[in-house]
Amino acid sequence: MTGKLYEMTANLGGFVTGIFAAALSLFSIAMRTFRGVFRFRGRAQGEVLKQMYLIGNRSLIFVTVTLGALGMVLVFQVCLQINKITGDQSQVGPEFIKGMIHAFVPILTAMMLATRVGAGIAAETGSMVVTEQIDALRMTGVDPVDFILVPRFIASVVMTFVLGVYAMVIVIVAGAFMAHSSFGVNYNVFFVFDKVTGGDLFIGSLKLIVHGGAIPIVAGYCGLTTGRGSEGVGNATTRAVINSSLAVIIIDFIISGVGLLTVQKI
Amino acid sequence: MSIIFKDVHRYFGSKKVLTGVNMSVQPGEKLFVIGTSGVGKSVTIKHIIGLLKPTSGEVSVDGVRVDKVSEKELFTIRRKVAMVFQASALFDSLSLLENVMLPIRKHLKLKDAEVRKKAMALLDEVGMLKHAGLYPSEIGDGMRKRVAIARALSLDPAYVLFDEPTTGLDPVSARRVDSLISQLATERNAGCIIVSHDLVSIFSTATKIAMVYKGIIYKEGPIEDFHSSTDPVIRQFLSGSSSGPMETPGF
Numbered sequence: 001m002t003g004k005l006y007e008m009t010a011n012l013g014g015f016v017t018g019i020f021a022a023a024l025s026l027f028s029i030a031m032r033t034f035r036g037v038f039r040f041r042g043r044a045q046g047e048v049l050k051q052m053y054l055i056g057n058r059s060l061i062f063v064t065v066t067l068g069a070l071g072m073v074l075v076f077q078v079c080l081q082i083n084k085i086t087g088d089q090s091q092v093g094p095e096f097i098k099g100m101i102h103a104f105v106p107i108l109t110a111m112m113l114a115t116r117v118g119a120g121i122a123a124e125t126g127s128m129v130v131t132e133q134i135d136a137l138r139m140t141g142v143d144p145v146d147f148i149l150v151p152r153f154i155a156s157v158v159m160t161f162v163l164g165v166y167a168m169v170i171v172i173v174a175g176a177f178m179a180h181s182s183f184g185v186n187y188n189v190f191f192v193f194d195k196v197t198g199g200d201l202f203i204g205s206l207k208l209i210v211h212g213g214a215i216p217i218v219a220g221y222c223g224l225t226t227g228r229g230s231e232g233v234g235n236a237t238t239r240a241v242i243n244s245s246l247a248v249i250i251i252d253f254i255i256s257g258v259g260l261l262t263v264q265k266i
Numbered sequence: 001m002s003i004i005f006k007d008v009h010r011y012f013g014s015k016k017v018l019t020g021v022n023m024s025v026q027p028g029e030k031l032f033v034i035g036t037s038g039v040g041k042s043v044t045i046k047h048i049i050g051l052l053k054p055t056s057g058e059v060s061v062d063g064v065r066v067d068k069v070s071e072k073e074l075f076t077i078r079r080k081v082a083m084v085f086q087a088s089a090l091f092d093s094l095s096l097l098e099n100v101m102l103p104i105r106k107h108l109k110l111k112d113a114e115v116r117k118k119a120m121a122l123l124d125e126v127g128m129l130k131h132a133g134l135y136p137s138e139i140g141d142g143m144r145k146r147v148a149i150a151r152a153l154s155l156d157p158a159y160v161l162f163d164e165p166t167t168g169l170d171p172v173s174a175r176r177v178d179s180l181i182s183q184l185a186t187e188r189n190a191g192c193i194i195v196s197h198d199l200v201s202i203f204s205t206a207t208k209i210a211m212v213y214k215g216i217i218y219k220e221g222p223i224e225d226f227h228s229s230t231d232p233v234i235r236q237f238l239s240g241s242s243s244g245p246m247e248t249p250g251f
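Each protein sequence line maps, in turn, to chains A and B.
Note that my numbering has the first sequence beginning at 1, numbered continuously upward.
Note that my numbering has the second sequence beginning at 1, numbered continuously upward.
Quick caveat, the hints were computed from the structure, so don't treat them as lab data.
Treat the hints with caution; some may be incorrect.
As the list claims (entries may be wrong) - Lysine to aspartate or glutamate pairs mimicking DMTMM-like chemistry, simulated, CA-CA at most 25 Å apart: (1) B:106 <-> A:95; (2) A:50 <-> B:112; (3) B:118 <-> A:95; (4) B:109 <-> A:143; (5) B:109 <-> A:47; (6) B:15 <-> B:29; (7) A:50 <-> B:92; (8) B:106 <-> A:135; (9) B:109 <-> A:95; (10) B:117 <-> A:47; (11) B:111 <-> A:95; (12) B:15 <-> A:135; (13) B:106 <-> B:58; (14) B:16 <-> A:135; (15) B:118 <-> A:231; (16) B:53 <-> A:47; (17) B:208 <-> B:220; (18) B:111 <-> A:143; (19) B:118 <-> A:252; (20) B:130 <-> B:92; (21) B:72 <-> A:231.
All chains, please: the whole structure from these sequences, using the hints.
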């Protein structure tokens with residue numbers, strides 16, 4: 001009985017220590033990434049642009065199709081319900097646009113990038129761990145965070161913002177098209193931006209930037225802590241998708257809360 | 001001026017890999033670390049550059065305790081001691097030239113043209129200059145190994161570690177890597193530590209051999225001592241016989 005209790009206590013202690021160590025390691029990677037943004041020596045030439053292409057251009061179709069479809073479905077459902085109650089569709093467009101800008105588009109864009117970009121970063125970094133390229137970097141005195149994560153961090157912050165803005169256009173246009181074609185809502189009635197405040201724009205932009213930064217840091221942490229062999233890389237990739245999605249949700253929740261209490265109007 | 005191991009122990013959880021390693025290497029020496037697979041040869045050499053820390057014991061490079069310094073301070077040692085990894089570990093996203101340029105650009109205060117010139121000279125030294133623009137995925141194992149050697153030499157190290165440099169290479173490429181190692185030791189007076197199972201390499205290149213067995217340096221000495229040894233474990237390893245007293249992990 002005492003032995004079992006001892007084992008349980010030891011396991012619990014190990015679990016808590018493990019979480020604490022992981023949090024410290026993640027914090028260290030984040031700090032090194034932030035510092036690395038301002039350090040140019042040793043950074044591979046053109047790497048940031050290459051990553052911007054991979055993160056941005058390669059996600060365009062994915063974002064267009066997913067958010068376009070989502071915009072249409074959302075507007076369709078809202079119009080359908082309103083038709084059952086009052087039939088007045090005049091507020092659908094303005095409220096939809098406001099909601100998309102400060103809430104839905106930032107989190108949806110970031111979630112999509114967390115799966116596509118996060119998995120890619122973790123798989124690439126994990127493979128570098130397994131093939132000793134990370135050790136080789138340490139041998140040459142180059143911080144793996146500087147070499148791998150910093151270009152991806154910069155590219156991800158910029159391209160998540162750009163893709164987010166693009167996604168807002170797509171989702172609003174797709175929504176307007178659905179409202180007009182299925183429920184006869186006039187485009188002039190739908191495209192009313194009066195309800196969008198500076199606070200909405202600020203919170204939407206802030207979310208896109210912070211989510212864009214969180215994805216490569218969390219995914220990079222998962223990649224750099226890869227276990228042995230191809231199984232380790234697979235696990236790291238799965239962890240990257242789950243953890244970066246979770247990070248996006250938590251960060252989104254916090255920013256939304258702070259935004260509603262400060263700069264936004266409900 | 002030497003690399004010294006003093007009673008180095010290294011455990012991974014409950015697994016005791018090294019249980020008291022003692023050995024030394026001088027500049028210009030070519031020490032081959034031999035032993036069966038999984039016995040701890042690569043683990044041993046990774047202690048020299050701080051990629052692994054000993055559980056107990058001392059590892060020093062030219063009088064500096066590697067096991068005591070921080071990751072940042074380790075770079076002074078890593079400039080002195082370069083390593084050629086088993087799978088070459090070239091950076092996939094960079095061309096061969098950029099692979100060699102990376103440490104030079106990072107650590108030597110040279111203009112870009114000078115960095116390029118030095119990297120190209122190193123690639124020329126290993127016979128890879130005409131392939132400088134290619135990427136690691138576009139070349140064979142032997143060529144990758146040569147580029148890895150060029151990269152290892154980029155900061156003019158005093159010692160170079162090789163982790164199974166001829167494994168997976170055809171005999172011709174393997175002998176070319178051997179002659180590069182010999183050239184390094186004679187022309188640059190670099191101390192070379194080579195982890196290998198390749199008996200042809202060992203007997204054509206080594207000036208000294210250290211055999212790792214059961215977690216310790218079972219025997220260390222000049223090549224002649226191994227040739228003339230009557231120890232059944234050494235005889236079995238050198239003859240490659242499956243029957244004998246030698247214990248091999250996993251068998």
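The hints, checked one at a time:
1. Proximity of residue 106 (chain B) to residue 95 (chain A) is assessed by CA-CA distance (about 53 Å); at most 25 Å being required, the pair is judged violated.
2. For the suggested pair residue 50 (chain A) and residue 112 (chain B), the alpha carbons sit about 21 Å apart, so the restraint of at most 25 Å is met.
3. At most 25 Å may separate the alpha-carbon atoms for a hinted pair to count; residue 118 (chain B) and residue 95 (chain A) exceed this at roughly 63 Å.
4. For the given pair, residue 109 (chain B) sits about 18 Å from residue 143 (chain A) by alpha-carbon distance, which is consistent with the 25 Å threshold.
5. Our distance criterion of 25 Å between C-alpha atoms is met by residue 109 (chain B) and residue 47 (chain A), whose separation comes to about 21 Å.
6. For the hint pairing residue 15 (chain B) with residue 29 (chain B), the CA-to-CA distance comes to about 32 Å; that exceeds 25 Å, so the pair is violated.
7. Only pairs whose Cα atoms come within 25 Å are accepted, and residue 50 (chain A) paired with residue 92 (chain B) is accepted, the gap being roughly 14 Å.
8. For a cut-off of 25 Å, the pair hint linking residue 106 (chain B) to residue 135 (chain A) stands: about 16 Å separates their Cα positions.
9. Distance check on the hinted pair: residue 109 (chain B) and residue 95 (chain A) sit about 58 Å apart at the alpha-carbon level, beyond 25 Å; violated.
10. A hinted pair counts as satisfied when its Cα atoms are at most 25 Å apart, and residue 117 (chain B) with residue 47 (chain A) qualifies at roughly 22 Å.
11. With a CA separation close to 57 Å, the supplied pair residue 111 (chain B) and residue 95 (chain A) exceeds the 25 Å bound.
12. Using a Cα cut-off of 25 Å, the hinted pair residue 15 (chain B) and residue 135 (chain A) holds, with the two alpha carbons roughly 23 Å apart.
13. In summary, the hint linking residue 106 (chain B) to residue 58 (chain B) is not supported, as the alpha carbons are separated by about 30 Å, beyond the 25 Å threshold.
14. For the given pair, residue 16 (chain B) sits about 23 Å from residue 135 (chain A) by alpha-carbon distance, which is consistent with the 25 Å threshold.
15. Between the alpha carbons of residue 118 (chain B) and residue 231 (chain A) the distance comes to roughly 39 Å, so the proposed pair goes past 25 Å and is violated.
16. About 33 Å separates the Cα atoms of residue 53 (chain B) and residue 47 (chain A), which puts this hinted pair outside 25 Å; it is violated.
17. With a C-alpha separation of about 7 Å, the suggested pairing of residue 208 (chain B) with residue 220 (chain B) holds against the 25 Å cut-off.
18. Proximity of residue 111 (chain B) to residue 143 (chain A) is assessed by CA-CA distance (about 22 Å); at most 25 Å being required, the pair is judged to hold.
19. Restraint check: the Cα-Cα separation between residue 118 (chain B) and residue 252 (chain A) comes to about 49 Å, which exceeds 25 Å; the hinted pair is violated.
20. About 18 Å separates the Cα atoms of residue 130 (chain B) and residue 92 (chain B), which keeps this hinted pair within 25 Å; it holds.
21. Between the alpha carbons of residue 72 (chain B) and residue 231 (chain A) the distance comes to roughly 31 Å, so the proposed pair goes past 25 Å and is violated.
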